[in-house]
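Participant: Got chain A sorted already, so can you dock chain B with the ligands onto it with the hints?
Going down the list, the sequences are from chains A and B.
Per full-length UniProt numbering, the very first residue in the first sequence carries number 1; after that it's consecutive.
Per full-length UniProt numbering, the very first residue in the second sequence carries number 1; after that it's consecutive.
Since the hints were derived computationally from the structure, they do not count as laboratory data.
Idealized CB from N, CA, C, for every residue including glycine.
One should not assume that every hint holds.
Unchecked claim - A short, non-exhaustive set of chain A residues, derived as facing chain B with CB atoms under 10 Å:
#1 2
#2 99
#3 117
#4 334
Unchecked claim - Once the Cα atoms are required to be at most 20 Å apart in a straight line, the calculated DMTMM-like pairs of lysine to aspartate or glutamate come out as:
#5 39(A) - 24(A)
#6 747(B) - 301(A)
#7 39(A) - 121(B)
Read off the chains here:
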Amino acid sequence: MHPFQYQRAESGDQAVAVVAKNPDAAFIAGGTSQVDLLKEGVHQPSLLVDVAGLPLRQITDFEGGVRIGANATNTEAAYYPAIQARYPAVSEALLAGASVQIRNMATMAGNPLQRTRCPYFRDLDQPCNKRTPGSGCAAIGGYNHVHALFGASAACVATHPSDLAVALSALDARVQTTGPRGSRTIAFPDLHRLPGTTPHLDTVLEHGELITSIDLPAFAGRSHYLKVRERASYAYALASCAVALEMDGAKIKRARIALGGVAHKPWRATPAEALLAGQQPTEKLFQAAAAAAFADAKPLEHNAYKIPMGRNLLVRALLETSGLQPLQGPAGTAFAASVGGMAGQVATPN
Amino acid sequence: MLTEATGQPLDRVDGRLKVMGGARYTAEWDLPGLAYGALATSAIAHGKVRTLDIKAAQQAPGVLAVLTYLNAPRLQPMPEKVGGTLFRGEGGITETLQPLQDATIAYAGQPLAVVVADTHEHARYAASLVRITYDEAKPELDRATASRQTLPEAFTGSKEEPLQVTVGDPRSALAAASVKLERVYESAITHHNPIEQLATIARWEKRNGADYLTVYDTTRGVDTLQEVISASLNLPKDNVHIICPFIGGAFGSKGWLYAPALLTAMAARVVGRPVKIELRRQDMFSTAGQRGATRQTLSLGATRDGKLTSLQHDTQAQTSMVSGYTEPCARVSRMMYAVPNLGFAHHLSHLNLPSPCPMRGPGETVGGWALECAIDELATELNIDPVELRLRNYADKNPETGKPFSSKHLRECYARGQELIGWAARNPKPRSMREGNSLIGYGVATTMYPAARREASARATIFADGHALVQSATHELGNGAYTIFRQISADALTLPVNNVRFELGDSALPKAPTTGGSATTATVGPAATAASEAVLSALKQLAARDAKSPLFGASEEAIEARDGRLVRKANAAQGETYAAILKRAKLPSISAEGTAKPGDEREQFSFYSFGAVFAKVRVDEASGSIRVAQLCAVYDVGRLMNPQTARSQFIGGMSMGLGATLMEATHYDARNGRAVVRNLADYHVPSMADTPDILVEALNIPDPHISALGARGIGEIGCVGTPAAITNAVFHATGQRLRSLPLTPDKLLKALAS
Ligand SMILES: Cc1cc2nc3c(=O)[nH]c(=O)nc-3n(C[C@H](O)[C@H](O)[C@H](O)COP(=O)(O)OP(=O)(O)OC[C@H]3O[C@@H](n4cnc5c(N)ncnc54)[C@H](O)[C@@H]3O)c2cc1C
Ligand code: SF4
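Isolated chain A, as found in the complex (with noise of 0.2 Å):
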């Protein structure tokens, strides 16, 4: 770890002032990422400054839908009535990842920026664009079990690790910041950049611009979130899928639909959406739904499981999602995210 001065936000306001004005100065709040990047020796800011005492834990009712505040912890969110009862894909997510140790630190605002499980990026030894822009991507041609299908670029192919940011994106969800130039709302697909030349740059915020707030617009559908993983619990996700339906009598009005694990940032499959709009939901639609999602997936050496898998979760998602077929347990909880179940314990209809 190298050496650091640390101190707490008096304000937002100082907070970003601090931080914008020192380039090698960075954010912390529950610091189960940050912390760990700095150990390895992958982040090595000069200045941390703690926003995790700032009053922005609230999470309250908004405008029909629900404000939560970049500080509330993931547990708190997971655990909310409004967001388990009508946003239960964003419970599904938070309690899908991760440990009840983590997630008790873990704030909202820091989960999405939550940087790469890319193996190489934490790697001082190996090159890693990402981490050390120019040096080049040791996962194009090395070990690229975990890497993208889609949006990757010759630099990186990295994919966004957290689980949150799936639901958020299918939910279109707001993100309300405040930086050196005032404050905005980012609509959350837009929060996480594409790799392009410029891996270093996970998202769109400017050096200093904190996050405030993530909204979650007014919603009447249903929502729910799958997840794919190599063991029952504590693994990010090989691939998920989070689904957001609206429905129209007997029809699909509007199909929100974000993949997990196979970009660099969730991943909305918009020729799918498309073609769910206005139909009447049956397996059949679904299947040509994820095979539209998948048609223009670009394996690497090691992660063209991730098609056929990815494909199945979604038709899996929408079958849940719209009611034709039961959830693996109750709406709102792990139980009904994790593919696969638990161990020793016979999957059961909600």
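Facilitator: Structure of chain B with the ligands alone, referenced to chain A:
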């Protein structure tokens, strides 16, 4: 009479200490003046150090010294053998590279510098400032094309563990067999990943004018480490003292790789202060040992009615450039089935990867997996129930040596296991059972473990207050050693278990071997008994010589110990307590040592534990996810010393077997040999959600030959067998044979697509 403590489900005697944080682990010893070391390691896997720039590190705050191969103390070569175990050469157990002696690099992550500073943080930061350049050579990373390939003669040099064997004529028998099956099985590199990382603290002093070194280390071989360090540093053995009262898990690591301990001793010597080095989790993937990957070919010949006529098990193992360690994969194949023509071979490729070492069930876990999967494939081929096929080939004597088994009740294990899992109620047809989204499958495998026993000594002391202390240089790895040796000693001393303490983990205590090979109970248990008997004998003599004792004049044979008293056998009313004898003699205590070792029963019998493991799995085909819904096992391991600690060993082993089957794998970059998986977020060990309720039963039938205690070891048998039971259940569920561990979703999806 006191009831015997042995065999009772006594709670772990160190359990409270552990949960309260009172058990002191190596990294927690706080020595005055302690300095901290951190490693700078090799970025490349093969080549030489060209330049080492340590200036910035030396100038960093708090730095006391930077050791590199240019300035580090010189070490003697690693000994050829220690305690009869082969260290050097093909089949040898340890890494022979002595750290910081020259510029050569054998694997990525190899320590190239140690930075010592006044705090842990200063040391780590300064280590990051060491700049190394290399003359890089292309690393050898492929078993098949490796330029150094050998056929090691024997595992650890033991005459009982030949690695190239032919009995009868397996080749001709296979050619002549009416049913033939040849299959290739592959297993990934796995890591022990105990929760306690490797750590050492070393302190030098002058005692009587001579150098004296105290080492606190996470070792499960205090005596072996003492020998390695004294030989490497050219010190008299008595001037090296190793201490390790608690180990936070080892699973095969912490026994046979010595670089961290040697580096700490060297660093402490240089700075003239005690030094601690604690490895980071990342370093555990290069410096702490691993189970090497294997490629195994099983060739079975059988008659139509399922009698095996030929069994050949060939293994392609891999090791580093600086070790001869060979995963002994045929350990199960060589003894399990009654087959007249039997052969096995081990081919070893040397690679630029970190050194392997034993990992729970070395050879048996992955070798037994391959064998028991092949047997299952044969059962399918012949359309015979997999349990029935195993019974048709049941071995009453060891097929390689012809010796009878000391005690074998495997038939009972199969029978009881089938009841526990509900074997008869399943539909034996593959892909025939479903629940919701999942396919359901059942699988079985046989398991075994060699019942080793070695020589060990112990000392027993009885105090004038009636309490007793028994000591031996064995280890507590979480295996329950403190508990069961207290129980065994209490019985031998006829004292209540709470009046007896057991001490271990210190090279100053009477000798015991490295804890491994599931041999500790069978080895140290008899030594504790022997020491207890020796001290009672001394006490008897003391009483018989004392005119005031009711035992005055009695011969030793006429006296027996009973409930903490010595009494005349002929008349138990004539006797007195141990305390009374000592008090009258004005002795605070009386001590004696005892040694126990196996005898020629080892020549007459073949010693093994057995078991049958059954698994039920749920397979979600759409995602490739496999979950183990149920695991049952019935073991024949001799007499249980403590059913509660035994159960923990069994279910712990089975969980580890489950991990090796479904998720554990360490990947190294195929281009540069760097570990790509290097933390516990990416290296998956089973979580509670992966682990079903595990049903375990033990037959608890004493082995009449192994020792008077009748107990064989139980540390590893749970890990063996479980992988094949699960893999075979996945076949039953899906109709797919997966022959590559671990069975991650990508592999199942690939199999389903083809
Ligand atoms: C072992 C492990 C397993 C995990 N498994 C999963 C998983 O399965 N799924 C999953 O989704 N996640 C997983 N996580 C990641 C975890 O969810 C994140 O680490 C956590 O959500 C980050 O939140 P934090 O508050 O701790 O952020 P911090 O670590 O404090 O910060 C993370 C980043 O966000 C920035 N930041 C924090 N707050 C603000 C703000 N208000 N405005 C602007 N920038 C800010 C920081 O500067 C930093 O760059 C896992 C983590 C670990 C360690
Ligand atoms: S994929 Fe991206 S994060 Fe991974 S090594 Fe390449 S540049 Fe770095």
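Participant: Each of the hints needs a verdict: does it hold here or not?
Facilitator: Cross-check of the supplied hints:
Using the Cβ-Cβ criterion of 10 Å, the hint placing residue 2(A) at the interface with chain B is satisfied: the shortest such distance is roughly 6 Å. Restraint check, residue 99(A) versus chain B: the minimum CB separation of about 9 Å is within 10 Å; hint holds. Annotation: residue 117(A) was flagged as interfacial toward chain B, and the flag holds, the nearest CB pair being 7 Å apart, inside 10 Å. At about 9 Å, the closest approach between the beta carbon of residue 334(A) and any beta carbon in chain B falls short of 10 Å, and the interface hint on this residue holds.
For the hint pairing residue 39(A) with residue 24(A), the CA-to-CA distance comes to about 16 Å; that is within 20 Å, so the pair holds. Proximity of residue 747(B) to residue 301(A) is assessed by CA-CA distance (about 14 Å); at most 20 Å being required, the pair is judged to hold. Taking the CA atoms of residue 39(A) and residue 121(B), the gap is near 10 Å; set against the 20 Å cutoff, the hint holds.
Going through the hint list in order, the structure satisfies each hint without exception.
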